[in-house]
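Given chain A, put chain B in place with the hints provided.
Here the protein sequences come in this chain order: A and B.
For the first sequence, my numbering begins at 7 and goes up steadily by one.
For the second sequence, my numbering begins at 64 and goes up steadily by one.
Don't read these hints as lab results, they were simulated from the structure.
Built from N, CA and C at the ideal position, the CB exists for glycine as well.
Heads up, a few of these hints could be off.
[What the hints assert, rightly or not] Listed below are the simulated DSS-like cross-link pairs for lysine-lysine, each with C-alpha atoms no more than 25 Å apart in a straight line:
#, chain 1, residue 1, chain 2, residue 2
1, B, LYS157, A, LYS231
2, B, LYS109, A, LYS457
3, A, LYS84, B, LYS121
4, A, LYS128, A, LYS84
5, B, LYS121, A, LYS30
6, B, LYS178, A, LYS231
7, A, LYS417, A, LYS457
[Claimed, not checked] The following residues of chain B were derived to be distant from chain A, with all beta-carbon distances above 12 Å:
#, residue
8, GLN106
9, ASP135
10, GLY159
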Amino acid sequence: MSELDAYRSLYIAESRENHENIVKNLLLLETEASETAIAEIFRSAHSLKGMSASMDFKGMERLCHAMEDVFQEIRNGKLAVSRELMDSLLVASDQIEAMLDDIECGGPGIPPNLDDLENELKRWIGKGGIRGGPESVTPPAAGDTSAPGAESPGMPAGAPRYSLAIQLTDTCDNPNLRAMIILQNLEEVGTIERVIPDRSVVEDGEFGRRFEVEITSDAGLDALKTIATTTDVLSATVTEGGRKTPVPASPPAPVQPLEKEDIRTAKQPEKVEKSREVKNIRVDISRLDSMMNLVEDLVINRGRITEIARGHQIKELDETLNMIGRSVSDLQALMMDIRMIPLSHIFNRFPRTVRDIANREGKEVEFIVEGGDTELDRSVMDGLNDPLLHLIRNAIDHGIERPEVREAAGKPRKGTLLLSARRDRDNVIITIKDDGQGIHAEKVRKKAIEKGLITPEEAQALTREEIIDFLFHPGFSTAEKITDISGRGVGLDVVRTTLESLHGTIKVDSREGEGTTFELLLPPTMAIVNVMMVRINGRRCAIPIHNVVEVAGLDTGNIHTIGGRETILLRDEVMPLDRLDDMFGRSPATEILVVLQHQNRKRTIAVDEIEGQQEVVIKPLSKVVGTVRGISGVTIPGDGEVVPVLDVNSIVSET
Amino acid sequence: MGRILIVDDTLFMRTLLKNILFSGGHDIVGEAGDGDEAIAKYQELKPDLVTMDVVMPKVNGIEALKGIRAIDPNAKVVMCTAVGQEQMVKLAIKTGAKGYIVKPFQAPKVLEEIKNVLSS
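Just chain A, with the same shape it has in the complex (with noise of 0.2 Å):
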């Protein structure tokens, strides 16, 4: 798989709702001339151009571009939406699809008519032929013009004056904009008194790739040259008084061909079989979660059935209900199974990012992938990448050191850092793990006391996890890095959130001077919860089994009210004991205590008996109940009970 293989279903995914948008507003042309069709058309056109040539599908970005140019005529009031014109139009959409069909099939998307599609469309702007690449820009039109310099205010007049001459490189895109970038920020610090060619000249791009600029300004020459030496300068030279002063521009960075060369040579000698019949459809998520939804309803409806079918004791349904039992297992399965994707879909973007980071921070770096056909839920899997590309980041900024300084500590000199995935029973395992420094729980401890999270007291009695745990916190680390800290700051806050809004946990293990690792637990799917049903004060409630830390017996001696709120000591920890009255009414027999975590916060509950754990779907309250506070939704287990899911996010964020 090479690195653009990582996007493609992202980018068939978009380009077909470009595609849709596409017909659906030229459909919407032929009926009315709808100025908003016009611009919603050539958007989608120029996206769909956009990603094919980053994709490189040349025939795609041909066709779009096209189709591009015609909607810029009409934009332009150059070109009338007429039936023949519509016809055209349509054929390339229908081909942008049958393109699309061959993209996801493995194919590169260039039909055998390509050119005359294309040729079909330029008719319309009156260009004819076949275009010379995807260089060619299009010509620029006359008359757009700033008057050249001169009238800039502000200058004393007794300002030195100093020419300067620049070569932009081969490689830049578009030498007129970027000469106009320097004109513009040379303009800010003085006033040109003259360009060659003339600035009208170099606006619109006919001036080979070399200017000069006169200038008087009191920004010194130190400025100018800084100014002047910027993206695509291959040389520029600043002259004072007949003094001349070249200056280096940085080297032309070089060119990378994002390792397009592997698809093409290995996509082309395989001619994909073209065929009409659609193998792979594209399917919203949420319709997914509807069926979900709906499988679910069948699973409890059979269970209901199996208990009246017991009290008739009617063989013949017995055994019809064994049957749909089955099927109906088989179905949920089946649908849990169509949601998952395997990891190696975000994983296999991550080598080429490792490498670039590495060159950038001077390290070496082994980059170890693992498990990447560990699967997991589509849902889970869009909220993840973000998340492990901040901690391998941070673990190549932060954690492993520069070649030099590990071979003094008598390391390998190149780093390795370990990206891991595995399926633990009921989880999934993410670890990312780094041989670098470590975390140096006493820079942190002192960080937190600055930042005034911590008084110095209550730092001593906190142990190195503690410690190390205020990396988590969001005042910890703000706009400001924490280079000198090995990092690990940066943004963790927002890790964790992300990884709690997907139901999962993250731990941090770090030994100084041997390295860290970072464990993600995550559930396999969002869609199915495991819970422990209790019961308080009769009622059942199911509490999400990853908010659960202990459960213990109640010991009444041990509660005690502080400031006018029951508290329970639990071994050596006080924590807030909360008997959730106001939910479920006061309970006369409660004998269990439930810890429940969220973030760093414990809480306790008291409940009077832990029915068992099982897995459930949790549907969200209807609009009609709107949100409650300390439920996040309901479940219906087999015997058709209808279970609130407490929330625990908002019980123990509650002061």
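Frame of chain A; chain B shown alone:
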């Protein structure tokens, strides 16, 4: 290293650009899918730099650039341009855009331009 707001109407382009900028050590503080959102996010997040697509639904990149410069005259906005958009980008530069990057994006060129604009 800067805090960057990415504005583009396609998730595809945003993802591509995000990964490039991320690998260059930048923090992506936000994303916007159209001009209105871009202005609102700029107001809210005050990023160091904005990458701005030109063609977008509702409010386009040029209007968004104007809106952002009205909030912050020193805003650093880098236009994302494709073949055939020269006139628009010229207009953008005259409106105060500080740089441009060209689609399809080439990571080294993008990062160089971002670095230069951030340090200007």
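How the hints compare with the structure:
1. Note on LYS157/B and LYS231/A: the hinted pairing holds, with a Cα-Cα distance of about 22 Å set against a maximum of 25 Å.
2. For the given pair, LYS109/B sits about 22 Å from LYS457/A by alpha-carbon distance, which is consistent with the 25 Å threshold.
3. A threshold of 25 Å between alpha carbons decides the hint, and for LYS84/A with LYS121/B the separation of about 23 Å falls inside it, so the pair holds.
4. For a cut-off of 25 Å, the pair hint linking LYS128/A to LYS84/A stands: about 14 Å separates their Cα positions.
5. Of the supplied pair hints, the one linking LYS121/B and LYS30/A holds, its CA atoms being roughly 18 Å apart against a limit of 25 Å.
6. Proposed proximity of LYS178/B and LYS231/A is supported: the alpha carbons are some 16 Å apart, at most 25 Å.
7. With a C-alpha separation of about 34 Å, the suggested pair LYS417/A and LYS457/A falls outside the 25 Å cut-off, and the hint is violated.
8. With a least CB separation of 17 Å from chain A, GLN106/B remains clear of the 12 Å interface cut-off, as annotated.
9. With a least beta-carbon separation of about 16 Å from chain A, ASP135/B lies farther than 12 Å from that chain, consistent with its non-interface assignment.
10. Separation of GLY159/B from chain A is inadequate, the least Cβ-Cβ distance of about 8 Å not exceeding the 12 Å criterion.
Against the hints set out earlier in the document, violations occur for numbers 7, 10.
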